[in-house]
Amino acid sequence: MPFINYENREISFKIVYYGPGMSGKTSNIIFVHKTIAEDKRGELISLKTSEERTLFFDFFPLELGHIATFSVRFNMYTLPGQIYYEASRRLILDGADGVVFVADSQRSRYERNILHYQLLEKNLMLYKINPKAFPIVLQYNKRDCDTPIEIGTIEKQLGLEDVPVFEAVATRGDGVLETIRELSRRVISQFEV
Amino acid sequence: MKALTMETSNINTQKLSDVLSDFIAETDSIVALLLNKDGTAIASAGSENAIDTTAMAALIAGMFSATREVAKMVGEHQFSILLQQGEKRHIHISLVNEHVMMAVVFEGFHRIGRIRYESRKACKTIGAALAITDQTNNNQKVISIPEFKEVALNLIDSIFTNK
Ligand SMILES: Nc1nc2c(ncn2[C@@H]2O[C@H](COP(=O)(O)OP(=O)(O)OP(=O)(O)O)[C@@H](O)[C@H]2O)c(=O)[nH]1
Ligand SMILES: [Mg+2]
Chain B
11 MPFINYENRE ISFKIVYYGP GMSGKTSNII FVHKTIAEDK RGELISLKTS EERTLFFDFF
71 PLELGHIATF SVRFNMYTLP GQIYYEASRR LILDGADGVV FVADSQRSRY ERNILHYQLL
131 EKNLMLYKIN PKAFPIVLQY NKRDCDTPIE IGTIEKQLGL EDVPVFEAVA TRGDGVLETI
191 RELSRRVISQ FEV
Chain W
226 MKALTMETSN INTQKLSDVL SDFIAETDSI VALLLNKDGT AIASAGSENA IDTTAMAALI
286 AGMFSATREV AKMVGEHQFS ILLQQGEKRH IHISLVNEHV MMAVVFEGFH RIGRIRYESR
346 KACKTIGAAL AITDQTNNNQ KVISIPEFKE VALNLIDSIF TNK
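These protein sequence lines map, in sequence, to chains B and W. Everything in the first sequence is counted per this note's numbering, starting at 11 for the first residue and increasing by one. Everything in the second sequence is counted per this note's numbering, starting at 226 for the first residue and increasing by one.
Honestly, I wouldn't trust all of these hints.
Stated by the list, open to error - Going by beta-carbon spacing under 8 Å, a handful of chain W positions derived as facing chain B:
id	residue
1	THR265
2	GLU301
3	ILE370
Calculated from the structure, these hints are not laboratory results. Idealized CB from N, CA, C, for every residue including glycine.
Please model the complete structure; the sequences and the hints are all you need to start from.
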């Protein structure tokens, strides 16, 4: 549900990076932020703990450009993955137009990925959104770890069918742009007035 | 759900900006900002250039929604006003309706009575304006969706590409 401001001629979409603690959400957004042209991005704001964990959210506005007479913006958010921040996650998810789910490919994190994906679906339903019809992209991050989880296992466990999947090493930027590009395309494809 | 939210998004912001400008004139505040609970700025007035209203809207929405959850924990539906007192500058935030809030940055804490009074008035006017524009603002401003999508997809491909 993008926000359309007819007077200022602005359309804003909300994109949220979701996933378990330490999966690499902030690393994703940092890479996107530093890669895109300077005139297309606002400042990156990070509300974090002294240990660099996301406390509330990271945020930056991305100017997609002008379309017809509108300037189109993606408001980019990450949320905190630590389990006890569930209430904060729910708040940040409110009004989202699309979600990048950043999974952690380390075997020890498998259960956490599943749990958080289930929480994502539950939270979307709380906002009366059908997760199956909502733009979500699944990213297997940390592909550089030893014996990463096999691609396909998370989808299979959760019964996901049409969710696009990407492999990434967010700290190097591998797969990061591919992921956000596909999610953005899906968000736009679902756009209707 | 989708359609409903879209409608409430189609707001005539000129009217809202006028209300905010009047508010600034009445109270001599620095900035008045109207934002929705998703963290998007809807309208603003005053010395906006001095403040990054985009970032401010995102942060205030987060703050307000967090405070609302805290309110629920202590058995309140929500706190309708938030006040942040600084050394020189202060922020007064009030709820317009379930989805929209108004934030005011001002100097001189002794003005708080006036700010509070004028905020309440402005919120009422804005709330009424939002209720009307929700229903009327749909026709002449339609976007051509196929064209919009085509251009947007091209922009996306060019922006999110490794160079
Ligand atoms: N080896 C490796 N490390 C990564 C990768 N992505 C992120 N990290 C590291 O994992 C740690 C956590 O990354 P963040 O991006 O802060 O994770 P987050 O998901 O934002 O974590 P929370 O905010 O606590 O939910 C950091 O030390 C990163 O450097 C990756 O692809 N490979
Ligand atoms: Mg983080």
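Against the structure, the hints come out as follows:
A hinted interface residue such as W:THR265 counts as satisfied when its beta carbon comes closer than 8 Å to some beta carbon of chain B; here the least separation is about 5 Å, so the hint holds. A hinted interface residue such as W:GLU301 counts as satisfied when its beta carbon comes closer than 8 Å to some beta carbon of chain B; here the least separation is about 16 Å, so the hint is violated. Because the closest C-beta pair between W:ILE370 and chain B is about 6 Å apart, less than 8 Å, the hint holds.
In summary, the one numbered hint that this structure violates is 2.
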